[in-house]
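First to last, the sequence lines map onto chains A and B.
In this text, residue positions in the first sequence follow our numbering: the first is 1, and each later residue adds one.
In this text, residue positions in the second sequence follow our numbering: the first is 1, and each later residue adds one.
Quick caveat, the hints were computed from the structure, so don't treat them as lab data.
Beta carbons: idealized from backbone N, C-alpha and C, even for Gly.
There's no promise every hint is true.
As the list claims (entries may be wrong) - If you anchor each label on the Cβ, the simulated ranges turn out as follows:
1) L206(B) - P213(A): 47 to 53 Å
2) R407(B) - E138(A): 53 to 59 Å
3) T201(A) - T96(B): 54 to 60 Å
What the hints assert, rightly or not - Lysine-lysine pairs mimicking BS3-like chemistry, simulated, CA-CA at most 27 Å apart:
4) K9(A) - K172(B)
5) K231(A) - K205(A)
6) K294(B) - K9(A)
7) K294(B) - K91(A)
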Amino acid sequence: MINRRDFLKNTAIGIAGITLPLAAFEIIRPEKILANMSGTSKTRWVFLVDTYKCVGCGLCVKACKNENEIPYDANVTRTWVERYVITKDGKLHADTPKGARDGFTTSRIELGQGKYEEIRDEDIIKAFFVPKLCNQCENPPCVQVCPVGATYQVPDGVVLVDRKWCIGCGYCIMGCPYGVRFFHPKYHTAEKCNFCYHRITKGLKTACVSACPFGARQIGNLKDPGDPVTKVIMTERVGILKEEYGTKPQVFYLGLDREVK
Amino acid sequence: MTHGELWTIKELFVYPNEYIYWSVQIVMYPFMTGLVAGAFVLSSLYHVFGITQLKEMARFALVFSFALLFAAPMPIVLHLQHPLRGINVFMTPHFTSAIAAFGIVFSTYGAIVASELWFLYRKHFVGIALPLKEKQDKTLFEWFKYLVFCALTLGVYDISEESLHRDEKAIKILAGIGIPVACFLHGYAGFIFGSVKANALWMTPLMPVIFIMSAIVSGIALCMLTYIVTMEIRKFLASRRKAADSRYHQSPGEAASAELGVIRITAKYLLFFLIFAISLELLDFVFRGYTAVKSWDVLRSVIYGKDFINIFLLQYTIGNLIPFILFLIPGLTLRRAVVGVILVMFGVFMMRWNVVIGGQAFSLSFAGYMHYHIPVWPHDWETFKEGVMGALAIFIMPFVLFWFISRIFPVFSHEEAHSEKL
Chain A
1 MINRRDFLKN TAIGIAGITL PLAAFEIIRP EKILANMSGT SKTRWVFLVD TYKCVGCGLC
61 VKACKNENEI PYDANVTRTW VERYVITKDG KLHADTPKGA RDGFTTSRIE LGQGKYEEIR
121 DEDIIKAFFV PKLCNQCENP PCVQVCPVGA TYQVPDGVVL VDRKWCIGCG YCIMGCPYGV
181 RFFHPKYHTA EKCNFCYHRI TKGLKTACVS ACPFGARQIG NLKDPGDPVT KVIMTERVGI
241 LKEEYGTKPQ VFYLGLDREV K
Chain B
1 MTHGELWTIK ELFVYPNEYI YWSVQIVMYP FMTGLVAGAF VLSSLYHVFG ITQLKEMARF
61 ALVFSFALLF AAPMPIVLHL QHPLRGINVF MTPHFTSAIA AFGIVFSTYG AIVASELWFL
121 YRKHFVGIAL PLKEKQDKTL FEWFKYLVFC ALTLGVYDIS EESLHRDEKA IKILAGIGIP
181 VACFLHGYAG FIFGSVKANA LWMTPLMPVI FIMSAIVSGI ALCMLTYIVT MEIRKFLASR
241 RKAADSRYHQ SPGEAASAEL GVIRITAKYL LFFLIFAISL ELLDFVFRGY TAVKSWDVLR
301 SVIYGKDFIN IFLLQYTIGN LIPFILFLIP GLTLRRAVVG VILVMFGVFM MRWNVVIGGQ
361 AFSLSFAGYM HYHIPVWPHD WETFKEGVMG ALAIFIMPFV LFWFISRIFP VFSHEEAHSE
421 KL
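Chain A extracted, bound-state conformation:
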């Protein structure tokens, strides 16, 4: 029979024994080692959208779907274009049929459930297109809420998803205020725009930037003062989406309107 003194002694040794390896886990955190090895990243990928140049052709959406193997007919997309029409009565009409994969082929506004709203040209006071994609937030809520660490931010700022580790709980989808995340129809894991990480890390442009005939989309490195995108962001009046969530989005917009959702 174990007596109280021995019990307490053994418990103390046991706890100390368990604590030591736990402390070791803290010491060998892989991201810290990686950070120490490579130093601070010289890159911070950012995106610039010039809404004045966007015509809503949807070539970017098409290119993205093909490049990133998002089933073409699935009603989900890594990037999309929104149309905003404000009429003289001050009303806002907005839509994004199929994420504008095929562009905006009709002037009617989609209302969902197969319904459309006819708007007469003379009633329109202002109208414009806004391309959307993942904001690669500096403070990404999706990374914060992932229970298994399957989504993570790399040192150059891009948020990636590990398809082999994602459990498909959908918490990141719920956590994103921009609605950029969805479940991949084939892999059934969380999916989102990653600035075509496989391309930009090889010196290429993203698929959408390459596909845009009007230069409405540009990608750049914020840590490079000579980068044309950086110059625009630093010197011109740019806006970001949903600042109030504190996510610090890194997709910057020229010509953002208060009506943009």
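Following the hints, put chain B in place on chain A, whose structure we already have.
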């Protein structure tokens, strides 16, 4: 087809990737953990605070809480797109996520309930294992029973007065630790929702507290219901047995009055927690309306428009107000109590529904809506698990488990006395 597309109907301006990703199983998840936590708190009222009127109910509630415990994580597992990877949460828990600690909190709680049960039933295990040990020619069933109960004693056969007294002390301590852990378990479920800053309906610090209160309400209601039903079945069996066996020591009349006494006391606690739950929810409503931040326009249109029937008729009127009146009218009868607790449970279920589904009823654009059409008849695995049938299966599970578990942990004390007498 994309996950969620099947049961989501979009209206007006909704972002292309938005669907109702968290469907009925995520409604079931807080509902079931709520029942677990509620049942446990009810049993602790006796063990910790010494409310002796609840003695009968306490034992029952603890065993039922144990049965519910196994069913509670099932909705999450069913909901996962990769259920087999669920274990990843234990392997690489990412602690900034509110879900990451679920396994730890849940196992802690499970360990507490299991140990409390063990202390409570230790005497019972020994009482069965010892005579079987001595018995010479055991039948195959008796061998099996002997092995099971022998294992359950964990090798401790000391049932002296002194050691039983120590058991009681342990139960009291475990129940005492269990209350905050049960509240944490469920408050934690509330935190999972309340901390989603992207969701205007969910994000409120009141969410964990609201969840705990409604959890206790639903847990008490379910315990009352199951208690009444099992007592009625036992009374029915007893009256049949009585005709055959005159040695049966408790008359159905006695049982009925004892049962009503337990139910009336428990109903008082139910009311108490119900008032708390409703006050907090109303506070949340008033606060949202009064502060009227950016999201209020769309929230108002959902609360007072799209979901009006779900919230004000099904949840508040049928699920709260009517049972509230039913319990307040003096001279509570069993029949009235049954109607009351069923309505209360329905009300809590609707509250979970209105939070989970209601929180996805509007677009992140605040300029569009999504309607949830729950699949009723399944035609594949996905429509089963995300539909009515999947939810029903989860709801029935604890009752089936309870039947099995109560073979090992008899919930009615006089059954024990009865067998000892024989």
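Verification of the supplied hints:
| no. | hint | in the structure |
| --- | --- | --- |
| 1 | L206(B) - P213(A): 47 to 53 Å | holds, 51 Å |
| 2 | R407(B) - E138(A): 53 to 59 Å | holds, 57 Å |
| 3 | T201(A) - T96(B): 54 to 60 Å | violated, 26 Å |
| 4 | K9(A) - K172(B) | holds, 26 Å |
| 5 | K231(A) - K205(A) | holds, 18 Å |
| 6 | K294(B) - K9(A) | violated, 59 Å |
| 7 | K294(B) - K91(A) | holds, 17 Å |
The structure fails to meet hints 3, 6 from the earlier list, while all remaining hints are met.
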